[in-house]
Amino acid sequence: MVVNTKEVTDKDFNIKRLAEELRNLSFKDHICIGCGICESSCPVSAITVGDMGAIIRNNSPQPKLVIDEHECVLCGICSGVCPADALTFSIANQPISEIPAYPKYNADVEIDDDKCIYCQKCEIACPREAITIARSLPDRSKLVTGEIEIAEDTCVYCGICEELCPADAIDVDRTPEAETINVDKDKCVYCLVCKKSCPVTAIKASCRICSYGDYDINLEDAVTKGSSFIDDELCIKCGWCEGVCPTEAVKVKKPFEGLLKIHQDKCTACGTCVDICPCDVLSFPKPAKSGDIVDNVAKEEQYCIKCGACARACPVEAIEVQISNVDYIPTKSKSWSEKFEALKN
Amino acid sequence: MELKVNQDNCLGCGVCVVACPVNASISPEVSGGHGALKEDTIMMVENGFIKLLNKDVCEKCGTCQMFCPVDAIWLE
Amino acid sequence: MPKHIVSGLKYLATIELKKKGLTQQKIADELEIDRSTVSHYLNGRNISFHCINVAETMTQLSSKDFLILTHSLFKNAEITQKIISICQSKVFKAEVLDTCIGCGLCVDLCLMQAINLEYLKANINSIKCCGCLLCQEGCPTNSIKVLEV
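Chains as they are written, first to last, in the numbering used here: chain A, 1 to 345; chain B, 1001 to 1076; chain C, 2001 to 2149.
Derived by calculation from the structure, the hints in this document are not laboratory data.
Among the hints, erroneous ones may be present.
[Stated by the list, open to error] In silico lysine to any residue, SDA-like type, Cα no more than 20 Å apart, as pairs:
{"hint": "1", "chain 1": "B", "residue 1": "K1004", "chain 2": "B", "residue 2": "M1044"}
{"hint": "2", "chain 1": "C", "residue 1": "K2145", "chain 2": "C", "residue 2": "V2096"}
{"hint": "3", "chain 1": "A", "residue 1": "K334", "chain 2": "C", "residue 2": "L2097"}
{"hint": "4", "chain 1": "B", "residue 1": "K1004", "chain 2": "A", "residue 2": "Q62"}
{"hint": "5", "chain 1": "A", "residue 1": "K104", "chain 2": "C", "residue 2": "V2096"}
{"hint": "6", "chain 1": "B", "residue 1": "K1060", "chain 2": "A", "residue 2": "A269"}
{"hint": "7", "chain 1": "A", "residue 1": "K334", "chain 2": "C", "residue 2": "K2003"}
{"hint": "8", "chain 1": "A", "residue 1": "K334", "chain 2": "C", "residue 2": "E2056"}
{"hint": "9", "chain 1": "A", "residue 1": "K16", "chain 2": "A", "residue 2": "S45"}
{"hint": "10", "chain 1": "C", "residue 1": "K2075", "chain 2": "A", "residue 2": "A269"}
{"hint": "11", "chain 1": "B", "residue 1": "K1060", "chain 2": "A", "residue 2": "V316"}
{"hint": "12", "chain 1": "C", "residue 1": "K2145", "chain 2": "A", "residue 2": "P43"}
{"hint": "13", "chain 1": "C", "residue 1": "K2003", "chain 2": "C", "residue 2": "E2056"}
{"hint": "14", "chain 1": "A", "residue 1": "K266", "chain 2": "B", "residue 2": "K1004"}
Pulled out of the complex, with its shape left as it was, chain A reads as follows (with noise of 0.2 Å):
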């Protein structure tokens, strides 16, 4: 008897069957966008997503995500068209991501390092938390060019430059008969407030960019060095990383184009569709002034990915979201082909 099994960890959950390959089909729920694409792409009704208003909302133990295991013969279809990877199909511990016969969607997101000035604010803006920008500073010190003294013999110890110091570079230690007075010229920006405030003219201080500009800096010195990372795993190609960043270092290809309506009559300004939303694209319009009229929900749609969970969750179907083209790379089935094509709307 050929048989399914199936694992489950939490909310994620993994159903095998061994015969003559192992083939595993795999579900990470926190991925999971809840749009509702598997579920309708089954050839064999085994998927059900539920209600991801009320999941997502109320932070449901249930998972987002069920498949009677029974049902499910292992053909990977889901995997096939999920949006978000969250479901992993694999053959003999391959994903079909990686078999050449398998279709897949066209999508894809690059940071160029060459172009990255390491601002971080992509990985601020990216609504999945996918991005992590690491950055080293140049070292302060070597930005500013100065000098600075001071005369022991005239310094009263009182702190008071210690207290203004912008940078904490000085260290006034305030022991009676052991004073001591330290600068650490690391930290020193050769702003001179210690100079201009010192009751006893005990500093002697210059900014040599001041008298001389910057002739002594390595320009080399300055620059932020970094490296960018992003999670594959959790990124759905929304785009916000594109549209923030000011270099224009970042692609990104999404696989759906299309149409997102919301009829502004129908909707209740529940906020369902702004809680659901991957992508951050839907959001409460705040009014320009007191008493302005605006809409129920406002949409950024160049972030939109057309995947369809707010259409799926909207509670009044105020909500429509139209595919109107599909990049995959195609596959000699006609089952498959037609899997990805009737995603079209």
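Could you slot chains B and C onto chain A? The hints should help.
Relative to the frame of chain A, chains B and C by itself:
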């Protein structure tokens, strides 16, 4: 998932009735805080307690649960 | 007495292979039995008519019953496939429709190992196919048609 209520917890505040998007589309006056003019909303407050009238039309968006201050209405 | 029925099936296979002109040694190698056993079978010794009768009755069952019974007797896919293909005279033609989703369930169900997947579509080797219809019955999209020719 199914919509459930616990009248022992309910304060009768009616926030769920007003917040519910399905109620608002069935009987628009409820979103303004008025009582529904019809009896086909999902729920209403009766004698100071929440009462489910038509839970079959609930779309399970979770709005009522999110706004209820005392866990008297929920989906499970 | 499953052992005796196994002997009966091997007897029938021996006779069939002899008809095809195989030497006794070749028959022995093919069926994984001693050459002397082959000789005994061919001379009608060492086997009861009852065993042969039961084995013959099995060959006249539906392809599915014959296959499943044989497989449960031998508990070995390879020898089952040999016995079935030698003792069964029917010829089948299998067709896979484009509605096939490439789930591979038929590959896993086929006791004759007659099916493989090519570009996400089942490919059935009609020569190996014994017409048991396990694949057709198990196919979730009704994409397999097996016909006797």
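These are the hints, each one checked on the structure:
1. B:K1004 / B:M1044: holds (13 Å)
2. C:K2145 / C:V2096: Distance ~6 Å between K2145 (chain C) and V2096 (chain C) Cα, so the pair holds.
3. A:K334 / C:L2097: Judged against 20 Å, a Cα distance of about 10 Å means the pair holds.
4. B:K1004 / A:Q62: Status holds; Cα separation ~16 Å.
5. A:K104 / C:V2096: violated (24 Å)
6. B:K1060 / A:A269: holds (15 Å)
7. A:K334 / C:K2003: Between K334 (chain A) and K2003 (chain C) the Cα gap is close to 48 Å, so the pair fails against 20 Å, i.e. violated.
8. A:K334 / C:E2056: Measuring from Cα to Cα gives roughly 44 Å; hence the hint is violated.
9. A:K16 / A:S45: Given pair K16 (chain A), S45 (chain A) holds - Cα atoms ~18 Å apart, limit 20 Å.
10. C:K2075 / A:A269: violated (65 Å)
11. B:K1060 / A:V316: Holds, because 11 Å separates the two Cα atoms, which is no more than 20 Å.
12. C:K2145 / A:P43: holds (19 Å)
13. C:K2003 / C:E2056: Holds, because 15 Å separates the two Cα atoms, which is no more than 20 Å.
14. A:K266 / B:K1004: Between K266 (chain A) and K1004 (chain B) the Cα gap is close to 26 Å, so the pair fails against 20 Å, i.e. violated.
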